[in-house]
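Participant: In case you want the letters, here they are:
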Amino acid sequence: MTTTLQPGTDGRRPLVPGAFRRQRMPHRRGRRRVFTRRQRIVVSVLNLTAFFVIWQLIATYGNVPTLFLPSVTDVWQALVDLNNEGILWDNLWVSLSIYLIGLAISMVIAIPLGLMIGGIPVLDKALSTYIWALYTLPRIVLMPLLLVWVGINDAARIWIIVLSAVPATLVVIMEGVKTVDNSLLVAGRSFGASRYQLFSKIVMPATVPFIAIGVRMGVTRGLLGLFIGEIFTGVNGIGYILTLAQKTFDSATIYAMLLVFLFFCIAMVSATTWLERKVMEGRRQLD
Amino acid sequence: MSATASTPTDIGTPEHIGPRRKTGSLGKRIRSRLTGPISLLVFLGVWQAAVTLTDPDPYILPSPGAVWDAFILAVENGEVWAAMKGSAGPLAIGMLFSLIAVPLGLIIGLSPTLDLITSPYLWGFFALPNVAFAPLLILITGFSTTTSIWMVFLSASVPLCLSCKDGVQAVDTTLVKAGRSFGGGRVAVFVKVIAPCSLPFIASGIRNAISRGFVGLLSVELLIGTKGTIGGEVIQSGRVYDTARMFAFILLLIAIALLLVSGSRWLETWASRWREEVVI
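Quick mapping for you: the protein sequence lines, in order, are chains A and B.
For the first sequence, the working numbering begins at 1 and goes up steadily by one.
For the second sequence, the working numbering begins at 1 and goes up steadily by one.
In case anyone wonders, no lab produced these hints; they're calculated from the structure.
Honestly, I wouldn't trust all of these hints.
Unchecked claim - Simulated DEER-style distance windows between Cβ atoms:
id, chain 1, residue 1, chain 2, residue 2, range
1, A, F263, B, N77, 39 to 49 Å
2, B, P37, A, Q56, 53 to 63 Å
3, B, L99, A, I54, 20 to 30 Å
In this text, all values refer to a predicted model and were calculated from it rather than measured experimentally.
Note that the Cβ used here is the ideal one computed from N, Cα and C, for glycine as well.
Same shape as in the complex, but just chain B (with noise of 0.2 Å):
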């Protein structure tokens, strides 16, 4: 778009500040969506190169072919199945119960007082590795389903937490003084003001919370290795030296993870939106 076309919104925005965001024409927009299939291919082209020139083992890096072809058998034994849905049911239900740090995080942020009793615990925690509970966690709850709940529950909900006592922390005073000044008891000012503006910090630690959680899950699974979850499958290859299975199920892992990360922060972008009307 060029710079003296401009949109209603554009009026009063002086010249200087900067570009505009820019909208692009239709052959731009497809060609910045192909940069993820093309470098994909090109991943694919180097990986495939690397192995036919060097020729290494196998057991230390299979060809590209070799790990489709694995990735095809464990479909069809449905052992992919399996792994997904094994996986999946310990993040889903781990995700819910850590959806109770949200009003707990709305509260912590309304009272200062609150909020300097509970910080040196929450940041503690935060600034923890959460991979550090797992060995507790494996100690306390056995090698079972529980401790993978526990793990989720636990990495994700102290960052979501703090998001959203974040979140409230940040509502301009301003905007709660006029909402005050126009008659607005504690809870309509809550209700009307402080949740909206909270809104994006909610979702930014709903999204941060579903990456954490993800990878509370994925610790567990690889230190225990059950079979039947994907990072059990992974380790359970890498123990009989199955190399090529094991580098189906971590691409899987990968696809899965950056499908989590692109899905949330779609979700993010969709709860701000609002905001990013007024700052352009």
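One chain only, chain A, in its complex shape (with noise of 0.2 Å):
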């Protein structure tokens, strides 16, 4: 079935009636199927609940060690322990203490190091090449460093975590810096705007969403400095669940403490998504 004429689809009668009707109507060609938010919803919640029904049956009936693979019962009962036994939440409080003060030094030096590089050439020339590269260098690399130099405690977290957002942020903003259109900056100037009011009344907004995106990248990048901190220095926080976990081979904690990060990951992006959302709405109402 490779050459298939529709018939008049847009309210055409074929020139010949019923010339066509022998030919089956085409099935779904053409165009993607399309779920509605309910199906999507629906298979989603039953996509889940098989793959955690799955799991439980292999863990369970499989002959798989547990220290491979414990049941879904296990892992929701070593949560249920490390809550109890009041480890959970406090390391966890620590850890999202330490993120969100890394995460704010990080917005504090990136963003207006962002719009001055961006916007003075000089600095753009001199400084790019070094952000680049350690924007582009593997953050995990920096940790042996910063072990000996700061030590293994909250300071290297605090600053794996700045070393690994700021970059991300700042390459976006700088970027997003010298796409403002020229011709904006040319008739600014021709109705005799000095730098100062260039740089508020056209650079600012026009970088706005650019600066969305960095604080973004920033807070997944940084999410990730988290991470290689914590498994590091282990001394308190997530990390400390884990690094004690490994050493007892207790292989229930180490899903339960991945399946935990994943909703503060998730957690995470989807605040700086709603946030953004705000941002936005209330610039909108400003205009």
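Got two chains here, each in a separate frame; can you build the complex from them with the hints?
Facilitator: Below is the structure:
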């Protein structure tokens, strides 16, 4: 069925009535099937349920060592135990506060610096190579150095978060400033705007979307930094629980912590998206 | 190039769209090539100046000369080659295995149902930093090369799969329709329209996968710290406070990472060459 002539779909009748009658209507060709929102939700819920049920079945009846694949109920039990012993929330809180401090420091550094580097060509020429190098560098390489310089403590974790988040935010904002339409700048200049006015009236508003993207990049990269820090300095926080579980061959706890961390990541990323939307809405109202 | 000089592809490009791509004179091109080496020299100069001015403990910050000596010593020992060989093996094997993700991604992209079913898992895997699997993998496979291979595979295959999927889904439907109306069957449309259109996505997926895989490899090496791998050498020298040697291996790592990134970026531009011509 390679050549299908569609009988007049847009109201046009075929020249000879009934000429195409015997031809089957092409089913779902040329157009992708689109699922409705409700269908998506139902399928996702079923899908996840099936996943956990199959996991449980394999773990219980399959001949897999518990070290490799603990059952879902064991993982849940590990989570409940951690909660009862009071380990979970304290350590989660430690990690969260370290993450937020690191992120705040990075944003305070990255946003003004990105705007400056993007706006001032001399700075761009001098610094952008280093920033790109730092951006492409795998962050984990810096961890041994930080351990030597800062030591195994919370400061090392804040450092690695800052080092992960700053370059990611910086490159986006830096490139964003450069995309500002040159004709706007020329128009502004010909209407006699000063350098500062050009910056605050033209460059800043045009760069806001890029700042939003940059912040989101920083948030995700910062999570990576947090995790690297947690694994290498397992003195407190999520990393402590992971290190302890690894030493005692307690795979259920590791699975549980991975799930917790996954939820942590999802929460952080969706919080950023929500914040971004609020900022955008506020901006539209200002206009 | 001045704005008035136009090449055949420029015909019809309105003036206000923006500056044309600069080809630049020979001098300009040489100057742009030189920024890398010059900034490296400046960096070394600042480093040396910092060491001479503040005179820190060599355990904290060794001078560039000391690092160079440590590097030369390690090269003469043959440790550098051994470490590079030890790291390259798992990376190559893991990357080869993760190429399975290309056909898988293409198939997932073709079928909306499959996409709906698999996407929560793929995105979950993608969102979780791949370092997160390191403790689990170390627990399961122990301290061996297998751990590194698994880690490279896990970190590289998921982004590759997602990117191939995106590539298929981003194919312009008018192109597919045109292909069909010219009598292309499923196979022909796939081979002649969908596959070439998603080639840039596959290439960028491979680029992403290489850097992700490298990071995965490093994270395992740095966590385990066995001798005979680059990451392991970094950790070993850190443990005995031989900071100069640690710096030497870290700089080696950085050089390899940058080489891998630029090499794979070249691959990406090579694969999406035809697209650039259309877009200009």
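Participant: Do the beta carbons of L99(B) and I54(A) sit within 20 to 30 Å of each other?
Facilitator: holds, 27 Å
Participant: Is 53 to 63 Å a correct range for the gap between the Cβ atoms of P37(B) and Q56(A)?
Facilitator: 58 Å Cβ-Cβ, so the 53 to 63 Å window holds.
Participant: Take a look at whether the Cβ-Cβ distance between F263(A) and N77(B) falls inside 39 to 49 Å.
Facilitator: Holds - the Cβ-Cβ distance for F263(A) and N77(B), about 47 Å, lies within 39 to 49 Å.
Checked against the numbered hints above, the structure breaks none of them.
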